[in-house]
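Q: So the protein lines, in turn, are chains A and B. Under numbering that gives the first Met the number 0, the residues of the first sequence are numbered 0 to 150, in order. Under numbering that gives the first Met the number 0, the residues of the second sequence are numbered 0 to 150, in order.
Be aware that one or more of the hints could be misleading.
Because identical chains share one entry, a pair is satisfied inside a single copy or across any pair of copies.
Listed below are the simulated SDA-like cross-link pairs for lysine to any residue, each with C-alpha atoms no more than 20 Å apart in a straight line [as the list claims (entries may be wrong)]: (1) 86 <-> 115; (2) 57 <-> 67; (3) 57 <-> 106; (4) 84 <-> 119; (5) 145 <-> 70; (6) 145 <-> 67; (7) 145 <-> 66; (8) 145 <-> 118; (9) 57 <-> 69; (10) 57 <-> 21.
Honestly, the hints are just simulated from the structure, not real lab data.
There are 2 protein chains.
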Amino acid sequence: MRRTRFDNSQCPIARTSDLLGDWWTPLVLREFFYGRHRFDEFTEALGISRAVLSQRLKRLEAEGIIESRQYQERPPRNEYRLTQKGKALWDVVAAMWRFGEDWLFADEGIEVELIDRRTGEVIHPLMIDEATGEPLSLRDTRLHFKSTAAR
Amino acid sequence: MRRTRFDNSQCPIARTSDLLGDWWTPLVLREFFYGRHRFDEFTEALGISRAVLSQRLKRLEAEGIIESRQYQERPPRNEYRLTQKGKALWDVVAAMWRFGEDWLFADEGIEVELIDRRTGEVIHPLMIDEATGEPLSLRDTRLHFKSTAAR
């Protein structure tokens, strides 16, 4: 038995990692955020092969992250929309945004920023504990087994 | 010119995606959170091959996410610690936790939970806008180019 109890079936991180765990999936999700919804828009924007994109979209649809809808009959063309579950993934992508913004640009400027559509103010995503409203602290967090019987 | 302006060099999501973008990297990061620091602990916990693990740790070290330190001389053995940059990645992993917890367990129970070490209360990570304190909303967020000249 070489696997820990924190395997795919019991760890939320593992399951989300499995879903996001290739270079293209978060970037395809990003494209929805950028307002793109169509296959050709994605290939154009990402420089991704049609075969790889098709495979990623199928996975996202099978997982209930996106839905496809025909917007043209002849020839048949589909566009894609984020489901509620897909929109929830925005928080993960936003956390990636914040980390990248803080740590991966060093001396360079970043040419893009997130803006609140209602106020025009810049948005800086921050992870907090919903109960206390305090920023998350790795130091103050520990993992707990709900059932000791399961150990 | 088939690439968008939101390419690797200018999008924080793209850069973080590139860093996290394989199935193992978030799980290796998770192991630090679970209090593991040593090569053999990682292989034992993850069932990952030594070659793949070694490659992932080298990448994380080169990126300044972890540091290695010798803890035994004969035979030489290293352990790994998260840097400040590595600790900042916890927010991304925490966002993955929350999404997985909310959307990937359906009817099953989850056997693990995050606990505040100081209070014993359950932690639910939440993404907010640092400026307003409000939960992020995909609908109210848009992307902005700082410099129109760069377009």
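Q: Now, for every hint given, state plainly whether the structure supports it.
A: Evaluation of the provided hints:
1. 86 <-> 115: This pair counts as within: shortest intra-copy Cα distance 17 Å, inter-copy 27 Å.
2. 57 <-> 67: within (10 Å within a copy, 40 Å between copies)
3. 57 <-> 106: Neither, since 39 Å and 24 Å both go past 20 Å.
4. 84 <-> 119: neither (27 Å within a copy, 29 Å between copies)
5. 145 <-> 70: neither (47 Å within a copy, 33 Å between copies)
6. 145 <-> 67: Answer is neither; intra-copy 38 Å and inter-copy 33 Å both fail.
7. 145 <-> 66: This pair counts as neither: shortest intra-copy Cα distance 35 Å, inter-copy 32 Å.
8. 145 <-> 118: Close across copies (16 Å), not inside one copy (42 Å); limit 20 Å.
9. 57 <-> 69: within (15 Å within a copy, 46 Å between copies)
10. 57 <-> 21: both (14 Å within a copy, 19 Å between copies)
The structure fails hints 3, 4, 5, 6 and 7 (numbered hints given earlier, in ascending order).
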